[in-house]
Each structure stands twice: as structure tokens, then as C-alpha cells.
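The hints should help you fit chain B with the ligand onto chain A, whose structure is shown.
Protein chains: 2
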Amino acid sequence: MALRRALILLADGAEEMEVIITSDVLRRAGIEVTLGGLLGSSPITCARKARILPDATVDDAVKTSHDVIILPGGLPGSQTLADTPKVGDILRSQLSSGGYIAAICAAPIAFASHSIQKGATLTSFPGVRGKLEEAGYNYSEDRVVVDGKMITSRGPGTAFEFALKLVEILVSAEEAKKLHEGMLLK
Amino acid sequence: MALRRALILLADGAEEMEVIITSDVLRRAGIEVTLGGLLGSSPITCARKARILPDATVDDAVKTSHDVIILPGGLPGSQTLADTPKVGDILRSQLSSGGYIAAICAAPIAFASHSIQKGATLTSFPGVRGKLEEAGYNYSEDRVVVDGKMITSRGPGTAFEFALKLVEILVSAEEAKKLHEGMLLK
Ligand SMILES: [Cu+]
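Here the protein sequences come in this chain order: A and B. Following the UniProt record's numbering, the numbering of the first sequence begins with 1 at its first residue and continues without gaps. Following the UniProt record's numbering, the numbering of the second sequence begins with 1 at its first residue and continues without gaps.
This is chain A alone, in the form it adopts within the complex (with noise of 0.2 angstroms):
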């Protein structure tokens, strides 16, 4: 199989959970995931107070294609990457190559005020529901959706099923279930 690279966008306030399940889950799967600092490359201090050195940053990272671009949840965090025009630029032209975008917990918000993929469905943390609903998104209650190439998914809870749903599509079924089974999930 080809190798297959996954960049995560990390701002302060960042979920940490939402950040480090996934890392961690699609690194198991052999895929090369870099954590990209938005602002530079210094320590992000996440929405629970742990703090994480980012990879790269997000500038240098962009310059190597990614099979998927992913949004990690949590507050002021996924309000920097629904602000920041760059993020915008990055969705647009992820698209624009054929490539995936992820986003989960709040981090959708940031779809919505890029204008990406608007009537796409997608399903988000719950408190932000009527945000999406309103800039027309058709919306969903599932753990995790796949329409396209955007992938949604809920909160920190289900951040293991949305990890497992990226391995399924960027590497395969069986490698998601034997994680799934590794790790020791119910």
C-alpha cells in the first residue's frame, strides 16, 4: 500500500482527546500523521490545559499533499479554525485535489463559515447543531458520516469510531477491525 499522510490542524484549544485518539489511532495504522501548529510551530495549550508540541507547521506542511485534512473539536479551538482564512484555503484546495476533510466535535462550525460543501450531510457535538443547520447543512445524529469526501463525527466520545472510520477508508476494513480488537474497544 502506498503510504498514506493525515495533517491534523492544532490551535490552542484544541480537544486534546479529539486530537491525540486520532493521531494516535491512524499512526497504529501505519498512516504518517503530522500535527500541524496553525500559528507556528510553538506548544499548543488544548481545551483541557494538556499541552502538545506540534509536528511542523501547518505553512511547512502544506507543502506535502495529505490524503486527509483533519478538524479536531474543542473551544476557543475550533472558533481559530472556523476564523482563520488560511484553514479555508487549505479545505478548498484539499477538496480541489480529490482529497478528504475530517472534522469533529465543534470543529464542523469551521465548514460552515469556509463555505465548504454546504447541503452536504454532516453531524457534529450537538451544541452546535442549529450553527450548521442554519448555513445549510443538512444535518445528522450518527456517530460518525461519511458523504463525499467530508467526514463528521460527534465529541471526544466518539472520537475512537471516527480514528477507525479514517483507517477504514485510507487503509482498509480489516485494519480498522483488528485495531478496534488491539485496543481493546467494547
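Keep in mind the hints are simulated off the structure, nothing from the lab. One or more of the hints may lead you astray.
Copies of the same chain are indistinguishable here, so a pair counts whether it falls within one copy or spans any two.
As the list claims (entries may be wrong) - Keeping only pairs whose Cα atoms sit at most 30 angstroms apart, straight-line, the calculated DSS-like set for lysine-lysine is: (1) 63 <-> 178; (2) 149 <-> 186; (3) 118 <-> 186; (4) 186 <-> 63; (5) 86 <-> 177; (6) 177 <-> 131; (7) 131 <-> 63; (8) 131 <-> 186; (9) 49 <-> 186; (10) 86 <-> 178; (11) 86 <-> 49; (12) 63 <-> 177; (13) 178 <-> 131; (14) 178 <-> 118; (15) 131 <-> 149.
Below, chain B with the ligand without anything else, positioned relative to chain A:
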């Protein structure tokens, strides 16, 4: 409620999901969590390459008392916890002052190597079961095991249950239930 405090012992090769799910869930419950660097305050490179900054060194952190000392799994992190005499001292001092000790995944091997509560019932990552039985523990396949002041669990996929059991013990069953729902766990 009095402020509750938890100390997580961090060494290179710690399983980042077990570190972060535990710290995040406990902090959501209002517990003050310190990620203590076993060998200093430099960033820890985790088992799947995430780099996390300790909040303090373990030497500084243990000047304050904690309700629970937590050992995350992951390799070689668990082996370092098992091989470092200071960890044995911290665990013995914690038990003698009536506090809790907790370990997940491969980390219960540190209880064995430091001769902590031999004969007690515990669980672990299946791969180290043999070692723990040889060391004289009574082995359980339950996802989380509480025996007196010792709490153990099995792996990344049981980390939410492990963290919520700690919340139940240190805060309340109501708080654990509220978090379970708020995080959208199944
Ligand atoms: Cu969130």
C-alpha cells in the same frame, strides 16, 4: 467538595491516549491533574510519537499530596516506570498515606517490579498477564478492577472507563454519569 488532586507519571513511551483521556476526563470533573515528568521537565515523546510537555517534574509534584497516583501504559514507558526505584517509593508512600494508586495497560508491571500489593486482584493489557500472575497477583479480565486502594484497567479502549471510575471514586457517580453523557460515550 474539597479539591481533588491527581498525579500522572510521565516517561518517554507513555501511551498518549491513556495519558490524555485520563487527564482530560479528570479535569472535566474538576480534579486538579498534574502531568509529572519522571525524568525532568523536558517534553515526553509518547509511544505513538505525540510530544507532550509535563506540567512539573515528578520531584516537584510529590511535594504536594495527591488523591491518586496514575501510571499510564505504553512501551517503553511502562518498562521505565517498572525500572525506576523512585516510582516504587512514590507508590509505597501514597499507600501509606491512604491514597489511591492506579495503572492501565502494561503499567501494572510497575506494581509487580516494586512489589506493590502482591496478592491483590488486578487487570492489565492481556500481553503482560503472565508476568503479573507469576508475580503473585490474582488476575481479572474485567475492564476496570478496583481492589482496595488499587485501580487497574486494560488498554486504550478501556481508558474512558478507567478515567470515569476514578471520577466516580474521587468525586461522585453522578459526575461520572454526567461526563459519560456529555462526552457522547456509548
Ligand atoms: Cu468538543
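The hints, checked one at a time:
1. 63 <-> 178: neither (32 angstroms within a copy, 43 angstroms between copies)
2. 149 <-> 186: Both ways: residue 149 and residue 186 sit 28 angstroms apart in one copy and 26 angstroms across, limit 30 angstroms.
3. 118 <-> 186: between (34 angstroms within a copy, 29 angstroms between copies)
4. 186 <-> 63: Neither way: residue 186 and residue 63 sit 39 angstroms apart in one copy and 38 angstroms across, limit 30 angstroms.
5. 86 <-> 177: Neither: 35 angstroms inside a chain and 39 angstroms across chains, both beyond 30 angstroms.
6. 177 <-> 131: between (34 angstroms within a copy, 27 angstroms between copies)
7. 131 <-> 63: neither (32 angstroms within a copy, 47 angstroms between copies)
8. 131 <-> 186: between (33 angstroms within a copy, 25 angstroms between copies)
9. 49 <-> 186: both (28 angstroms within a copy, 25 angstroms between copies)
10. 86 <-> 178: neither (36 angstroms within a copy, 37 angstroms between copies)
11. 86 <-> 49: Both. Shortest intra-copy (25 angstroms) and inter-copy (26 angstroms) distances satisfy the 30 angstroms Cα cut-off.
12. 63 <-> 177: The answer is neither: 32 angstroms in one copy and 44 angstroms across copies each exceed 30 angstroms.
13. 178 <-> 131: Between copies only: 24 angstroms across, 37 angstroms inside.
14. 178 <-> 118: Result: close neither inside a copy nor across copies, 35 angstroms intra and 33 angstroms inter.
15. 131 <-> 149: The answer is within: 21 angstroms in one copy meets 30 angstroms, while 46 angstroms across copies does not.
Hint compliance for this structure: hints 1, 4, 5, 7, 10, 12 and 14 are not met, and every other hint is.
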